Each structure stands twice: as C-alpha cells, then as structure tokens.
Amino acid sequence: MKPGRNLIQKILMLEIVRAMWVVFRHMFGKGITFQYPHVKRTLPDGHRGALGLLKYDDGVERCVGCDLCEAACPSHCIKVVSEQVPDKPLVRYASEFYIDMTKCVFCGFCVEACPVNALGMTKLYEYSTENKRDLYFDKKKLYEVGETYFADAKAYLVAHRQEQADETAIQYRYKFPFTVLTGKKE
Amino acid sequence: MGTRDAKTARLMSAGAEIELTINGEKVKATEGRSLYDVLSGMGVIIPAMCYHYTFTPFGSCGMCLVEVEGKKAPVRSCTASVQAGMVVRTETPEMKEAQKKALIKHLSTHPLDCPVCDADGHCELQDFTFQFGIGEVPNVKQKGIPEDTRSTVLDFNMNRCIVCGQCINVCKEVQLIDALTFLKKDGFTIVTAKEDKPLACEFCGDCLAVCPVGAITNKFSKYLYKPWQMKKTQTTCPYCGDGCQLQVETKDNRIVRVTSKLTWKSKWGDRAETAKGHGGICGRGRFGFQMVNSPNRLKLPLMRKDGRLVETPWLDAQDFVAERLTKIKMDHGGQAIAGLISARCTNEDIYLFQKFMRIGMGTNQVDGTARYGHLNVVAALRKAFGTDRIRMMNNAEQVTHADAIFIIGSDITETHPVFNVRVKEALRKYKAKVIVADPITTHIARLATHHLAIKTGSESRLIQGLVKIILDRGLCDETVLQKYPNAVEVLKQAAAGITIETTAEATGIPAERLAEAAEVLAKSERGVVLFEDGITKRKDGYQNVLNLVDLALVCGLFEKDGAGLNALCEENNELGLVDMGGASEFLPGGLEYQNAAARGKFSKEWREEMPDLPSVDLPQILDRARKGEIKALYIVGENPVGTLPASMGAAEALSKIELVIVQDPFLTETGRLAHVVLPATTYAEKEGSFTSMEGKVNPVRMVIEPIGESKPDWEIFSELAWRMGFPLEYGSAKEIHREIAKTIPGYFTTKPEPLTVELSGYLNNGYAKEAPSRYAVKPGHDQATGPAGYPFTLVLGQILYHSGKYSTQAEGLMKIYDKALLQIGPADAERLQLAAGDTVVLTSPADGVGAIEVGIEIQPALPAGLVFFPEHFNTPPVKDLIAAELDPVTRVIYHKRGPVAIMKGAS
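First to last, the protein sequences are chains S and L.
Note that this note's numbering has the first sequence beginning at 1, numbered continuously upward.
Note that this note's numbering has the second sequence beginning at 1, numbered continuously upward.
It is possible that part of the hints are untrue.
To be verified - For each label pair, taking beta carbons as the anchor points, the in silico distance ranges come out as:
1) V85/S - D186/L: 22 to 28 Å
2) D57/S - P860/L: 54 to 60 Å
3) K184/L - D100/S: 49 to 55 Å
4) K101/L - K103/S: 16 to 22 Å
5) G24/L - A159/S: 37 to 43 Å
6) P44/S - E709/L: 52 to 58 Å
7) D186/L - D57/S: 29 to 35 Å
8) V137/L - T102/S: 40 to 46 Å
9) T102/S - K105/L: 47 to 53 Å
10) K28/L - E96/S: 40 to 46 Å
11) D100/S - K105/L: 53 to 59 Å
12) P44/S - V137/L: 34 to 40 Å
13) V158/S - E709/L: 51 to 57 Å
14) I45/L - A159/S: 54 to 60 Å
Bear in mind the hints are in silico, worked out from the structure with no lab data behind them.
Source: prediction; values computed, not measured.
Cβ atoms here follow ideal geometry from the backbone N, Cα and C, with glycine treated the same way.
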C-alpha cells in the first residue's frame with residue numbers, strides 16, 4: 001500500500017465510516033439474535049434437553065426397570081431400582097428412578113439404550129434453580145417432565161428413528177413377549 | 001468333585017491313559033472320561049447348556065457338537081467318552097453352523113424378555129447368541145405359561161426354560177434330594193416340584209445356580225438389580241463350620257443376594273476353585289443374608305437410664321464403660337471382672353478380647369461358646385492325639401473318597417448341608433458304605449447303606465459294643481496290634497463285661513446288624529468317622545469322644561492314609577475360638593493357661609506379666625456372679641440368657657452384677673438385662689478370618705460399610721483399652737492378624753498340614769487306668785429317660801434353615817421356617833391322639849419351670865418316645881424344661897436333652 005493513500009484514509013476516517021455502515025445496515029434489517037426470554041428459539045426435534053419418562057397412551061408406565069440406561073450412562077447419573085408389579089409375577093417396573101441432572105452430559109445414550117422407549121429427551125432446558133437438590137430428578141419429576149413434554153419426547157424418538165409416529169412403541173422397538181408387558185396370556 | 005481326572009482315576013481305577021488328537025494337538029487323557037471334560041480342561045469353550053461336571057452328562061441341549069474323524073454326523077462331546085486315536089476338531093465351519101442351528105432352535109421358544117430377566121448379563125444363551133451373531137429367528141413360538149410363584153424362595157418362569165435339565169440333575173445326583181421333575185403341561189415340557197406341588201425342599205438353591213438362563217429366579221432379589229449393577233465380594237459364610245465361600249452381591253450398602261462359585265460358568269477352565277467341593281452353598285448361606293440389613297440392628301450404643309435402655313452417643317457410652325471398669329478393677333481387682341465371647345466372632349476379635357481381658361483386666365475369667373460342647377472334643381482329642389490344636393483329621397476331599405463313613409450323633413444334612421454333599425458324593429459316586437447311628441431316621445440315614453436306629457441316649461453303648469465286637473472277632477487292625485499291644489489288651493480287659501447281646505439290647509439293634517457295621521468299619525481302607533453335637537453336647541460327651549478314639553484305634557483309622565476321626569463344628573468359628581484362647585483353660589495356639597512356661601511366652605510377647613490365676617469357666621462365672629463376687633461381665637456376641645435353660649440361673653446371675661456390658665449386632669435377651677449395650681457389626685461389615693472345622697483359615701472381607709454407628713468388635717476393645725490407659729493400639733484387623741501370625745506360627749497357612757496324631761503318649765500313660773472306668777456299665781446310666789412319669793425324651797437341636805439364634809434375624813430364613821413347634825413322631829401322636837395344629841403341655845423334672853404349652857408338628861422321621869424342638873426359637877421357652885448338667889471333666893454344660901412328660905393341650 002502506498003504511504004500517500006494511507007494518509008488520506010486516516011484523514012477521512014474511512015475505516016470508521018465502513019464500520020458504521022455495517023452497524024447502520026443491521027439496524028434496519030431483520031434481527032439475528034433472539035430477545036430471550038421474550039422470544040424463544042424454535043428447536044429442532046433432535047434437540048437434547050431434559051430427560052423425561054414416558055407412558056403409553058393408556059397411562060401404563062413404559063419403563064420395565066431393565067437398568068440398561070444405567071449401564072449405558074457414561075457419567076453414571078442414572079439410578080434405577082426395580083421391583084415386581086404386585087400380583088403380576090412376570091411384570092417388572094422401576095419402583096425408583098433417579099437422574100442427577102447436574103451430572104448429565106446430554107449424550108442421549110440412555111434413550112438409545114432403552115428397549116421400550118420409556119426415556120425421551122425433551123426441548124425443556126429452563127430448569128435452573130437456586131436449590132441444587134432440585135436437579136436430582138426422581139421418578140415423579142421425570143414422569144411430570146415426560147407428561148408435560150410428551151410431544152417433544154415423541155418427536156425426539158421419531159427424529160432418532162427409534163419410534164414411528166403412527167405405530168406404537170411396543171411394535172416398533174423391541175418385540176417383547178406379550179406376557180411380560182401385561183402379565184397375561186395373549 | 002471338581003476335576004474328574006487324576007484322583008478319580010486313581011481311586012476308581014477308571015482306565016488307562018490314552019492319546020487322542022484335538023484340533024491337531026496330541027492330548028493325553030484317561031480312558032472313559034467325557035470328551036467335553038478333556039476339551040474344557042484344555043481351555044476350549046464350547047457351548048453346553050445342559051452339561052455340568054457335577055453330574056452325569058445328560059445330552060439334551062445339542063450344543064456341544066464336535067467333529068470326530070470317521071463319524072458322519074457331529075458328535076455330542078459331553079456324552080461321548082474319549083477313545084485312543086480319536087481325531088477331534090472343534091472349530092470347523094460345519095460345527096459352528098450346526099451349533100448355530102441348535103441355538104436358533106432354543107431361541108425359537110425362548111421369550112426375548114432379556115431386559116426384564118434377572119439372568120440378563122449372566123446367561124449362557126444370551127452370551128452365545130451374541131457370539132454367533134444371531135439376529136432374526138424364524139418360527140418364533142411363545143409358551144405363555146404363567147410364572148410359578150408358589151414356592152417360598154424360588155420363582156419358576158417356564159417361558160424362559162430351555163429344558164436342559166441341569167436343575168433336575170443337580171438336585172437328583174449331587175444333592176440326592178430329587179425334588180424337581182419334568183412335566184408335560186399344555187404341550188410344553190416344564191420343570192416343577194414333584195407332583196406339581198409348591199416346591200418344599202432343602203432350598204439349597206443349586207438349581208438356581210446352575211440354570212443357564214433365567215428360568216429359576218431368587219424371590220428375595222427378583223427384579224431388584226441386574227448382575228452388572230452389583231459389587232461382588234467374596235467372603236466366608238457366618239453360619240456353620242463348613243467355611244463355604246460366599247459371593248455377596250451388594251448395591252448401595254445393602255446386600256442384594258448371595259451367590260457362590262457354583263454357576264453354569266464353572267464348567268469351563270481348570271475348575272480349581274471348585275476342586276474340593278462342588279462350590280455350592282446351602283439355603284442358610286444363600287437366603288440368610290437379610291440379618292445384615294435388618295431393621296432390628298443396633299445403630300447406637302444403649303445405656304440404662306431410669307431402668308430403660310436409651311440410645312447414647314458412642315463417646316458417652318465408652319467413657320462410662322471405661323470409667324466403671326477401671327473403678328471395679330481398682331476396688332475389687334481383676335477377679336471381679338469376667339468375659340464371655342461367641343464363636344461367631346472373627347479370630348482377630350477373639351484374640352483381642354482375650355488379650356484385653358487377660359492383660360488389661362488382669363483376669364482369666366474368659367470363656368466362650370465352645371463351653372456348650374466343642375470343648376469336649378478339644379479336651380479329649382488333645383489328650384489322645386498329643387497335639388495343641390485340634391481340627392478334622394480328614395479334609396472334604398478325603399471324606400469324598402472314603403470307602404466307609406460312620407456318622408454318629410450328627411444329622412449332617414441339617415447341620416452341615418454342604419459338607420453333607422461330600423458324604424453323598426462318596427455314597428453315589430464312590431459307592432462308599434455309610435453307617436449312620438441316629439435314633440431319628442434323618443435324610444442321610446435314609447440314604448445310608450446301614451442305618452442303626454439306636455435307642456435314644458445309647459450312643460456310648462453302641463460305640464463300646466462296636467469296639468468289643470471288633471476285638472472279639474479278631475477284626476482289630478494288624479498295625480495297631482503290633483504297635484500298641486498293651487492298649488488293645490487294656491481294651492479287651494475293660495470291655496470284658498460287654499457282649500454283642502448286651503449291646504444289642506441296650507441299643508435296640510439286632511446283633512447281626514451290629515456285627516455287619518463293625519465289620520464294615522474294621523475292614524475299611526479309608527474309613528472316616530464323623531461326629532457332632534449328638535455326641536459332644538449330650539451327657540458323657542467327653543467320655544464318648546474318648547470311646548470314639550478307641551473305636552477309631554481298633555479299626556486302624558489312625559494308621560491308614562485317608563482315614564480318621566473327625567469332629568464337626570456347629571458354629572462357624574468354634575475352632576478359631578479355642579485356637580485364639582477364647583476358653584478359660586487355653587491361651588492362643590492351644591497352649592494351656594495353667595502352664596507357667598506358656599504363660600511366660602505370652603507375658604514376654606505382650607510385655608505384661610500374666611499372674612497364675614485359676615481358669616474360671618462359664619458355669620463358675622455364673623456361680624461367682626450369683627455370690628456377688630463378679631462385679632462386671634463383658635459379653636461379646638453371646639446370649640447366655642437366651643441359650644441356657646433357666647436352671648443355670650443366667651438371668652439371676654446377671655441381675656447380681658453391677659456392670660453388664662453386652663456387645664452384639666442385635667438386642668438379645670441378655671442385652672435387655674444389660675447396663676450398656678454396644679452395637680457391633682456383623683461378619684459382612686468387618687475384616688478378619690474364620691477357621692473352618694477342617695482347620696482352614698478363611699478370610700472374612702468387608703462387604704458393606706458398618707450399619708448405623710456400629711463398629712467391629714476389635715475396634716471397640718481397642719478404643720476401650722486406650723481409654724483405660726493400657727493401649728492395645730491396632731489400626732486395622734490386619735495388624736491383629738499379623739500379631740496372631742507371629743504368636744501362632746503357621747496359623748494362616750493356605751495349605752494346612754495334616755493333623756499329626758501321636759497316640760503313644762496317651763496309650764502308654766494312664767490309659768490302663770482310665771479306659772476301664774469308661775467301660776464300666778452303670779445300670780440305667782445310658783437311658784435318657786429320667787424319673788418315672790416322664791416317658792419322653794426332649795431333644796433340642798438344629799434344623800437345616802437356621803443356625804443358632806443369629807439366623808432368626810434373617811427375614812428370608814424366617815419365611816422358609818419360623819415354626820416354633822414341637823416335632824413328634826407319628827406313633828406318639830397317635831397314642832396321644834394328636835393331630836397337626838394341636839397343642840401339647842410339656843412338664844419336666846427341672847425345677848421351677850412349670851408347664852409349657854406348645855404347638856406340635858408330626859414328623860415321620862422321629863421314633864416313639866423322642867420329641868424334637870428347634871433350638872433357634874425361644875417362644876415358648878422350651879429350653880427351660882431341661883435341667884442342665886455339667887461334665888465332670890471339661891465342665892461343658894449339657895442342656896440339649898432331657899426327660900419330659902407330654903399331655904394333650906386345651907386347644
């Protein structure tokens with residue numbers, strides 16, 4: 001660059017003018033950022049948010065307490081205690097279910113491991129709290145999340161090709177013997 | 001069991017050594033062995049879902065296929081036996097394809113409910129499905145059989161069953177129980193208890209252990225956790241003297257289930273872990289774990305305030321105990337303090353306790369539960385064998401390979417369920433002759449080749465009679481005749497008054513059957529005598545052990561390899577208790593306290609002078625307490641009030657003592673009378689070791705963290721000692737372990753040497769005087785029936801599902817058996833017109849007991865005149881009916897048998 005031209009540029013403050021041009025141009029164009037929390041972003045279906053436990057349409061808990069999520073979890077944040085459903089010796093369910101959200105790394109392995117699609121990742125990410133203990137989700141809280149954000153979780157499972165929108169999970173994911181789910185003969 | 005090679009071959013002369021080719025490798029094997037055994041010994045893993053080395057090959061699963069040159073079709077390696085020049089290939093693609101086909105056949109009826117199945121992650125079918133990479137299975141058929149949950153401990157899910165028959169075979173051939181069977185139902189073959197009834201067997205759980213899929217599940221841990229979630233720790237069983245190794249599986253400081261080395265997986269490899277037994281455990285070990293996490297566990301020390309026991313912090317309780325003990329020692333001297341310890345504690349605990357009492361308190365009033373019977377064995381065999389430490393002469397392997405086994409005074413199935421499998425194997429596989437002398441037709445008596453249903457209490461007459469028959473008929477061992485001619489002469493003289501007829505009359509056994517039994521024993525090459533509480537805990541226990549020594553002597557059992565005389569131990573660490581000095585007459589290592597040199601040795605090692613004090617045993621402690629001479633009593637894990645009959649006056653004695661300290665995981669009857677109760681941990685929460693009845697020291701490992709604020713026993717002693725100003729400082733049980741290893745050289749050796757038996761000292765010194773006194777027939781002496789009007793004999797004993805009172809805290813065992821009922825024979829029941837559900841009123845000549853009403857159960861095994869009550873239960877207090885007697889020599893308290901009268905109760 002020639003020294004004379006450089007001097008002219010400095011006198012006229014062309015760089016600033018150019019910068020201001022960019023600023024002013026955006027002032028009148030469409031905004032890129034969101035005015036969170038007034039405006040919220042639309043999340044893709046594959047978004048990995050808070051985990052929730054799901055139920056079938058008839059209100060039966062999907063979870064059979066198989067502990068595979070616990071085995072798959074890389075950060076050891078899941079704890080499952082399972083039991084037999086009273087009077088149904090063939091049916092197993094999770095009597096206790098805990099996910100420590102402070103440890104969760106949102107990898108989605110647990111959802112992938114679940115043979116009955118009982119776990120789903122929702123689009124919920126606003127659960128910050130003053131009390132850290134609230135982030136230790138128990139079974140009740142997980143079903144609350146699952147119920148409130150069922151559509152999200154379903155969309156997540158569909159996006160990950162774990163479940164089809166028009167078919168029930170039993171048919172699609174894992175061919176469980178009928179007796180195991182209902183305790184009765186077909 | 002274990003390896004079926006060299007030893008079996010030697011003993012059974014199975015066949016010559018041959019050579020065959022396996023996968024191009026030349027291999028030597030014994031002719032007649034299963035090809036599968038040879039393959040698995042080489043480290044080749046072939047799926048075999050119906051095969052286990054513990055029983056004869058069954059050949060139902062069709063998985064263990066190999067190619068044998070010259071045979072067109074694939075050969076099942078489990079049922080095929082090796083032949084010279086055989087050429088075997090296992091890894092060919094055709095074999096893999098054949099195995100895969102067999103596997104797919106199994107999968108087509110197996111429900112793929114792995115996520116809910118308890119065997120998930122520990123399933124042979126699952127493992128091989130992965131290995132063969134099977135995806136889709138055609139023609140899937142579901143059985144849809146409802147689960148059989150009728151049994152108390154096991155659930156049968158027959159949808160998952162692959163009909164391999166391992167459970168049935170292990171029950172039939174190893175346990176000789178034969179409780180399970182195949183049954184055709186709705187077009188499918190299922191496994192069920194005989195006659196399709198709810199399963200009611202010994203509940204050893206071996207069927208559960210060998211099941212290669214999840215068809216049989218443990219009810220107490222069903223669906224709780226998956227195998228990979230649990231931490232597994234190997235430790236030693238706390239119930240009987242067998243010293244079985246348990247695999248305790250825990251999650252979050254709770255015991256979830258107990259398994260053992262016996263699994264479907266144990267059929268592969270060198271089987272070193274199960275070489276000396278089948279590796280299984282019994283119902284007590286498998287289902288009796290809940291007492292560790294029982295809600296009844298003490299979590300804080302209790303102190304008596306205003307007549308009530310209230311929870312107190314450790315610091316206050318320890319300060320109180322230390323202060324009071326110090327004051328009592330200052331005011332009254334060490335002779336006012338006594339201690340009592342249970343054989344359920346670890347060696348380390350017992351060692352430290354006796355050191356605490358002998359060094360710290362300056363007293364020799366330390367005793368243990370060996371006083372209830374085991375000391376008879378110790379005293380008699382020490383005298384006869386000339387050794388300090390007594391243990392079994394034969395190990396489990398030798399018992400398995402014995403050719404004659406004489407069991408007296410022991411219902412071995414009930415008391416030692418796992419050791420009993422050795423006897424059963426000797427019976428089944430090695431065709432040993434088993435003689436059982438027991439008035440009750442026990443399970444082992446039914447299986448035995450000779451059952452001598454002797455009259456109650458005629459054990460000593462039987463033993464002496466057998467000695468006499470052997471001498472009379474010239475069956476006495478030649479070596480013994482040469483080595484100890486004088487002793488044999490003494491015996492001949494002593495037993496002169498006994499004839500086969502008098503013995504037959506006294507025992508109620510026909511003369512010819514006695515002669516037969518005597519002949520079997522005397523002519524045996526590897527004869528083994530097993531005896532237990534029926535000898536040691538009943539009147540004349542000490543004398544009877546010496547009588548058994550005579551019998552073993554004339555049969556030559558001390559001279560022959562693999563033969564011997566063996567005392568079984570009821571409690572898990574009875575041997576350790578005596579070895580660690582937990583009896584007033586013994587210092588650690590079995591040295592006598594009254595021996596000044598032995599005392600000097602320990603004084604030097606412990607750097608504290610041990611004065612020459614009298615050995616004060618449990619009966620004397622109670623006596624002295626009643627007289628007010630004992631001011632403080634420290635009871636560790638023992639429950640004299642709950643165990644001893646009222647006539648021993650344990651409760652009264654405790655009430656006279658100023659300071660009673662009870663240290664126990666639970667609040668026992670004795671604990672309720674104590675001034676301070678310190679919460680101790682159970683076996684699962686501490687490190688240490690138990691000595692099995694074979695003399696093998698087994699490690700006890702910490703399975704979970706202590707419950708509540710309970711502490712290991714040694715830690716409590718150590719902290720108390722520190723507070724009282726005589727430091728017994730140990731950082732861990734390991735440090736005590738090291739000290740024991742130093743004081744008793746070779747105690748913790750992994751390969752204990754055989755017990756050295758040196759009889760010459762005994763037979764040459766005073767035997768001539770002592771033996772005749774034993775053989776003198778005292779009229780009416782052997783009859784247990786007491787004064788007129790008390791025609792029945794009450795026997796307190798152990799049942800299969802319980803061990804002491806400890807196991808009654810285990811919820812699972814209580815579910816299996818919680819019947820505090822008097823067992824009565826059918827003949828007596830008929831005579832008294834009793835039916836199941838009735839009650840009877842018991843009275844006895846014992847002072848001040850009165851009548852006790854108790855429910856009955858009709859037990860077909862019992863003879864007329866004998867009634868049985870499980871000693872584990874205290875409500876109603878049937879134990880009080882027996883007047884305790886002391887052995888004149890060993891001062892063992894006999895309180896397990898006595899006369900009673902029975903009348904039909906009101907309801």
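Hint check:
no. : hint                        : in the structure
1   : V85/S - D186/L: 22 to 28 Å  : holds (24 Å)
2   : D57/S - P860/L: 54 to 60 Å  : holds (58 Å)
3   : K184/L - D100/S: 49 to 55 Å : holds (51 Å)
4   : K101/L - K103/S: 16 to 22 Å : violated (46 Å)
5   : G24/L - A159/S: 37 to 43 Å  : violated (54 Å)
6   : P44/S - E709/L: 52 to 58 Å  : holds (53 Å)
7   : D186/L - D57/S: 29 to 35 Å  : holds (32 Å)
8   : V137/L - T102/S: 40 to 46 Å : holds (43 Å)
9   : T102/S - K105/L: 47 to 53 Å : holds (49 Å)
10  : K28/L - E96/S: 40 to 46 Å   : violated (56 Å)
11  : D100/S - K105/L: 53 to 59 Å : violated (45 Å)
12  : P44/S - V137/L: 34 to 40 Å  : holds (37 Å)
13  : V158/S - E709/L: 51 to 57 Å : holds (53 Å)
14  : I45/L - A159/S: 54 to 60 Å  : violated (42 Å)
Consistency with the previously given hints fails for numbers 4, 5, 10, 11, 14, ordered from lowest to highest.
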